[in-house]
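Q: The chain contents come next:
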Amino acid sequence: MRQVNYTILENAPLTASVYRMALRGDTSPITAPGQFVNLRLDGLYLRRPISVCDVDGDMLTLIYKVVGKGTEQLSRMQPGEALDALSGLGNGYDLACAGDRPVLIGGGVGVPPLYYLAKKLIEAGRAVAVCLGFNTRDELFYENEFRALGCDARVATVDGSYGTKGFVTAILPDAPTHYFACGPEPMLKAVFRALDCPGQLSFEARMGCGFGACMGCTCETLTGYKRICKDGPVMRKEELLWNAQG
Amino acid sequence: MERTRVNLLGIELDNPVIPASGTFGYGREFAGLYDIDILGTFSFKGTTLHPRLGNPLPRIAEAPSGMLNAVGLQNPGVDKVISEELPNLSKIFHKPVMANVSGFSIEEYAETCRRLDACAQVGWLEVNISCPNVHHGGMSFGTDPVQAAAVTKAVKAVTSKPIIMKLSPNVTDIVSIAKACADAGADGVSLINTLMGMRIDLRTRRPVIANVTGGLSGPAVFPVALRMVYQVARAVSVPVVGMGGVSSAEDVLEMMMAGATAVEVGAANLVDPFACKRIIEDLPGIMDKYGIETLDSLKTGGSTAG
Ligand SMILES: Cc1cc2nc3c(=O)[nH]c(=O)nc-3n(C[C@H](O)[C@H](O)[C@H](O)COP(=O)(O)OP(=O)(O)OC[C@H]3O[C@@H](n4cnc5c(N)ncnc54)[C@H](O)[C@@H]3O)c2cc1C
Ligand SMILES: Cc1cc2nc3c(=O)[nH]c(=O)nc-3n(C[C@H](O)[C@H](O)[C@H](O)COP(=O)(O)O)c2cc1C
Ligand code: FES
Chain A
1 MRQVNYTILE NAPLTASVYR MALRGDTSPI TAPGQFVNLR LDGLYLRRPI SVCDVDGDML
61 TLIYKVVGKG TEQLSRMQPG EALDALSGLG NGYDLACAGD RPVLIGGGVG VPPLYYLAKK
121 LIEAGRAVAV CLGFNTRDEL FYENEFRALG CDARVATVDG SYGTKGFVTA ILPDAPTHYF
181 ACGPEPMLKA VFRALDCPGQ LSFEARMGCG FGACMGCTCE TLTGYKRICK DGPVMRKEEL
241 LWNAQG
Chain B
1 MERTRVNLLG IELDNPVIPA SGTFGYGREF AGLYDIDILG TFSFKGTTLH PRLGNPLPRI
61 AEAPSGMLNA VGLQNPGVDK VISEELPNLS KIFHKPVMAN VSGFSIEEYA ETCRRLDACA
121 QVGWLEVNIS CPNVHHGGMS FGTDPVQAAA VTKAVKAVTS KPIIMKLSPN VTDIVSIAKA
181 CADAGADGVS LINTLMGMRI DLRTRRPVIA NVTGGLSGPA VFPVALRMVY QVARAVSVPV
241 VGMGGVSSAE DVLEMMMAGA TAVEVGAANL VDPFACKRII EDLPGIMDKY GIETLDSLKT
301 GGSTAG
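For the protein sequence lines, the chains are A and B, in the order given. Sequential numbering from 1 applies to the first sequence in this note's numbering. Sequential numbering from 1 applies to the second sequence in this note's numbering.
Simulated from the structure, these hints should not be mistaken for laboratory data. Among these hints, one or two may not hold up.
Across the chosen pairs, the derived CB separations fall in these ranges [what the hints assert, rightly or not]:
id	chain 1	residue 1	chain 2	residue 2	range
1	B	Arg205	A	Tyr225	46 to 56 Å
2	B	Asp79	A	Cys197	33 to 43 Å
3	B	Lys289	A	Asp42	18 to 28 Å
4	A	Gln3	B	Leu53	29 to 39 Å
5	A	Ser17	B	Arg206	16 to 26 Å
6	A	Ala194	B	His136	47 to 57 Å
7	A	Ala82	B	Arg234	36 to 46 Å
8	A	Lys165	B	Ile92	52 to 62 Å
9	A	Pro13	B	Gly291	32 to 42 Å
10	B	Pro87	A	Cys197	36 to 46 Å
As a list, the in silico EDC-like pairs of lysine to aspartate or glutamate whose alpha-carbon atoms are at most 20 Å apart [unchecked claim]:
id	chain 1	residue 1	chain 2	residue 2
11	A	Lys226	B	Asp201
12	A	Lys165	A	Asp196
13	A	Lys226	B	Glu84
14	A	Lys65	B	Asp201
15	B	Lys277	A	Asp84
16	A	Lys69	B	Asp201
Bear in mind the structure is a predicted one, so any value in this text is a computation, not a measurement. From the three backbone atoms N, C-alpha and C, an ideal C-beta is built for every residue, glycine too.
Looking at chain A on its own, in the form it has when it is part of the complex:
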């Protein structure tokens, strides 16, 4: 983890409420897909955690949804402005156990961290399937970007306005070797139930620090107490308490 002052290169909407921000600065603290940065915003006491969507040299891409004060403020920032971040937080996904045919499963703003992950897996020669879930067509983003990487990208919308009607679990490929999931907890639980192969899931929590100091984000797992910010946000399927809950 390091404190980095990034410079905003671009900050533009992808949908009505989801923005993509491109930043320039030291990306060396980021060592794995699935890690996050914690952003300091003027006048707000706590930092805001946002996943790393892509890293390319000294360019860092974030994708965020405007849901409250902080993300609203972020959406109004202009190219050229500086952004204070704690960078390279969390464990990130472990790519070593992906196997030949991993599937990446994302819902809503759980999709962004899967992009950097897909890029790394394609680089490693894996056949990557990506299942993207959105509520409706207007919320869709990054389908084409995943295709351009060479992924088998599939989309489900809850209202059926685009792709397959239903949840991401309706578009899962047959017999993947491993899954990587990020999204709202009900989606994670549905994926956990639907797939038998090993997997890794990324969780969210309200955070005091984001680097393991405050115990504000601790959850219980089968392998002990874990801080979502430091020992997570990625947890292995095998360690979740859900395994013990039938």
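Starting from the structure of chain A, add chain B with the ligands where the hints point.
A: Below, chain B with the ligands alone, put in the same frame as chain A:
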């Protein structure tokens, strides 16, 4: 360094800056960021006799100029702290550390303190009395002078190191609690712990924090903390460690002018992991700005608070 030196209950500190309990873990996370030997000392995570997971999530909420927490004293228990955290700490921190202790009965406080008192690395015991007393319907030890004195006496009876009683601000008259602790033999007092508060999420119409209430800390509480430190320092003859919202070298000086011998920094470490390093580096320059030769001079009449 001479200029910033202070003496806290017989131990010299290079400076009065002390990360507060619960915001610095057992030092590990920060040792990777800067040399934590620059600190005066630090107060480690509130330790209890038995391991605790703490409260359900969410435990954190934002507040104007501050935050609420309801961590619920998550810690590995005193035995693991002694067998694992302290040996690890000896590799990254080479000064006496302040051991912060919590408990839910007088016996538990005494036993945890007794075990930590025997550890060579421990310089002071800071006894957090903001916890609910399980034998008194969950009322906090820190809200009743009789209970606060009883904890102080029980801890003093089984320890040899300086005992600093850490006071709760959630009381009508903090001075009476401070006096009760001092009269019962406390070597010092520290204040303030967090102020009880809550937030409601407009979208869900439910409290943000699963525990409903949480403790407020950060710059929002600074004036309240300063006032309490001022009142207590005037009323007791034992040293006072001041905290609550301290985020800058200026805040440290203000706390000391109010009567604090040393100053703890809490929530600031969470939003700026380099906060204490920055404060320590800034101190000499800010002292110059206000014509303060040594911090010691603030104690011996250099302040208007004499
Ligand atoms: C590890 C991690 C990665 C994330 N990655 C992304 C991402 O890539 N894109 C994206 O759009 N969102 C992401 N989020 C969620 C994002 O952090 C929240 O949407 C954001 O903090 C909301 O801030 P706000 O001020 O707009 O909302 P407010 O509701 O005004 O925020 C109030 C407080 O609650 C916290 N909070 C609110 N919602 C969440 C939440 N879902 N998770 C954690 N804290 C929350 C805020 O940080 C703040 O402290 C991530 C969260 C975590 C924990
Ligand atoms: C996340 C968090 C955890 C805390 N845990 C403890 C604790 O275990 N024991 C304790 O005595 N105080 C604890 N405190 C209180 C602080 O040590 C300090 O008294 C309080 O936060 C006021 O200082 P501040 O405004 O600088 O944060 C905690 C505070 C925070 C923010
Ligand atoms: S948010 Fe502080 S430990 Fe995870």
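Q: Quick one: are Ala82 of chain A and Arg234 of chain B within 36 to 46 Å, going by C-beta?
A: holds (45 Å)
Q: With a cut-off of 20 Å on the C-alpha distance, tell me whether Lys69 of chain A and Asp201 of chain B pass.
A: Roughly 13 Å between the alpha carbons, so the hint for Lys69 of chain A and Asp201 of chain B holds.
Q: Take a quick look at whether Lys226 of chain A and Glu84 of chain B sit within 20 Å of each other, Cα to Cα.
A: It holds: about 17 Å lies between the C-alpha atoms, which stays within 20 Å.
Q: Hinted pair, alpha-carbon criterion (20 Å max): Lys226 of chain A, Asp201 of chain B. Please report holds or violated.
A: violated (26 Å)
Q: Does the structure keep Lys165 of chain A and Asp196 of chain A at a Cα separation of 20 Å or less?
A: violated (23 Å)
Q: Hey, Lys277 of chain B versus Asp84 of chain A, does the alpha-carbon distance stay inside 20 Å?
A: holds (17 Å)
Q: Lying within 16 to 26 Å: is that true of the beta-carbon distance Ser17 of chain A to Arg206 of chain B?
A: Hint holds: Cβ distance 23 Å, inside 16 to 26 Å.
Q: Kindly confirm whether 36 to 46 Å is satisfied by the beta carbon distance between Pro87 of chain B and Cys197 of chain A.
A: Holds, at about 40 Å.
Q: Within 29 to 39 Å or not, the Cβ separation of Gln3 of chain A and Leu53 of chain B?
A: holds (30 Å)
Q: With 33 to 43 Å as the target window, see if Asp79 of chain B and Cys197 of chain A comply at their CB atoms.
A: Holds: the Cβ-Cβ distance is about 40 Å, inside 33 to 43 Å.
Q: For the hint 47 to 57 Å, verify it against the beta carbon of Ala194 of chain A and that of His136 of chain B.
A: holds (50 Å)
Q: Would the hint linking Lys65 of chain A and Asp201 of chain B be met if the CA-CA limit is 20 Å?
A: holds (18 Å)
Against the hints set out earlier in the document, violations occur for numbers 1, 9, 11 and 12.
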